[in-house]
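A.B. asks: Put chain D with the ligands on the given structure of chain X with help from the hints.
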Amino acid sequence: MYAFDLISPKSLDKALEALAEEEAQVLAGGQTLIPTLKARLAAPATLVSLRAIPELRGVSMQEGRLCIGAMTTHATVADEARSHFPALADLAANIGDPAVRNRGTIGGSLANNDPSACYPSAVLATGATVITTQRSIQADDFFLGMFATDLEEGELIRAVEFPIPIAAHYEKFWQPASRFALTGVFVARFDDAVRVAVTGASEEGVFRWTAAERVLSKQFTAAAVNELGRPDVDMISDLHGSAAYRASLTQVLTARAVARLQE
Amino acid sequence: MQTITMTVNGRGVTATVEGRTLLVEYLREHLHLTGTHVGCDTSQCGACTVHVDGLSVKSCTIFVGELDGAEVRTIEDIENADGSLSPLQKAFQDHHGLQCGYCTPGMIMSLSALLRDNPKPTEAQIRHHLEGNICRCTGYANIVKAALAASGQLDRADAG
Ligand SMILES: Cc1cc2nc3c(=O)[nH]c(=O)nc-3n(C[C@H](O)[C@H](O)[C@H](O)COP(=O)(O)OP(=O)(O)OC[C@H]3O[C@@H](n4cnc5c(N)ncnc54)[C@H](O)[C@@H]3O)c2cc1C
Ligand code: FES
Ligand code: FES
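Protein sequence lines, in the order shown, are assigned to chains X and D.
Read left to right, the first sequence gives residues 1 to 263 (this note's numbering).
Read left to right, the second sequence gives residues 1001 to 1160 (this note's numbering).
Treat the hints as calculated values from the structure; they're not laboratory data.
Warning: the hint list may mix true and false statements.
As the list claims (entries may be wrong) - Output of the computed footprint for chain D on chain X, the stretches with three or more beta carbons under 8 Å from beta carbons of chain D:
| no. | segment |
| --- | --- |
| 1 | 6–15 |
| 2 | 30–37 |
| 3 | 206–214 |
| 4 | 237–248 |
On a predicted model such as this, the values are computed, not experimentally measured, just so you know.
Cβ atoms here follow ideal geometry from the backbone N, Cα and C, with glycine treated the same way.
Chain X on its own, in the form it takes in the complex (with noise of 0.2 Å):
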């Protein structure tokens, strides 16, 4: 390692001001970060650890909302959110490995926004809302294409409020050397909508794929998505997959999660 400063402050308030300072980076669970540090493709001075921080762990309903801290593990998140929210413990339970779900947290993944990472797209498909040192962004604000969103330098997020679906579902296509998703598609049926959206698969990171919320909310089939055909967006195409597998994979895999809710 490249010599840094590693601190752990025991607030919030004292973890801002030392990221207020040149060169300071926040670090939640590492999975991402310290791999990126390796690589000397990001170089902070100084690292401030957020895992002594106890007001940004934990999950619990607050006003019909399921609410989780930032620095919030994928484990616990697959272990607690379970009787709220069976599908986003899914989605958790099967992000990487066990030794990553240990340590990863649910706020590392969201400000880090890699275009086939899995949180994402359960956040977007139930219009969540990301809660900031700041303020609180709407999911359909905070995702900005790869790699990019919403928050400002020093802004952190503390925590993500879900909106419960009536029924929900999370198909994920793993991408079997990264373990990350080559394409996934969450489905969230609410009363009055249906959304629908895609990670691994758009140059914009993920997306809502609107024409198919629009027939779902009407007729939620498999056979009504199966009809609609490919989504019109520009696609990853990398070693993995061309852009037109990719297409192909968002629709079958949306399909194949409405006909697991029609079940």
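C.D. replies: Using the frame of chain X, we list chain D with the ligands on its own:
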């Protein structure tokens, strides 16, 4: 430099180190516990898996500076008190769950956490649990078989 107090394999240790020291580096270079291996150094392979406060983690992707007060357990603490192999280690030996042995400490640490939480896992659960442990030699079949044997369910494993 930071002063960090931890329990490693039941023994209290106090270290004055840079907080940015990786746990695996601390275990291998400072405590000479070289059973924990480094395969990839990028959180992909699981060779460096140890337990921190009972949870399996990749020790190449965790800083000692975050471990003040933590309880760490490594492969060196898995054998029985009399120095004989633990049931899981014995099952690896009996069912050829290792060839070169490089991945084995990580496999054992990962599986011992699984068997503690789920004493009779299905084959599918074992395979899902081992997603983050890569083995270049065995093709996994005998590792899965060893896990089934260690959990008293060998009759479920494929013959041969
Ligand atoms: C082998 C492997 C497999 C994986 N598989 C998957 C997968 O299948 N699906 C998936 O979605 N992810 C996967 N991941 C990524 C994993 O979920 C990471 O844990 C996650 O992307 C980053 O979370 P972290 O807590 O580790 O954050 P860190 O690595 O600590 O931080 C990531 C970034 O977010 C910033 N940050 C962290 N917390 C906050 C905050 N509260 N506010 C503002 N900024 C913050 C950091 O400064 C950094 O830039 C995998 C990772 C590995 C190593
Ligand atoms: S050496 Fe840590 S995961 Fe490979
Ligand atoms: S036995 Fe050689 S890597 Fe697993």
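A.B. asks: Counting residues of the segment 237–248 of chain X whose CB is closer than 8 Å to a CB in chain D, do you get three or more?
C.D. replies: n = 0 at 8 Å, threshold three: violated.
A.B. asks: Count the residues of the segment 206–214 of chain X whose CB lies closer than 8 Å to any CB of chain D, then report whether that count reaches three.
C.D. replies: violated (count 0)
A.B. asks: How does the segment 6–15 of chain X fare against chain D when you require at least three residues with a CB closer than 8 Å, holds or violated?
C.D. replies: holds (count 3)
A.B. asks: According to a criterion of three or more residues whose C-beta lies within less than 8 Å of a C-beta of chain D, is the segment 30–37 of chain X covered?
C.D. replies: It holds, with 4 qualifying residues against the three required.
Checked against the numbered hints listed earlier, the structure breaks hints 3, 4; every other hint is satisfied.
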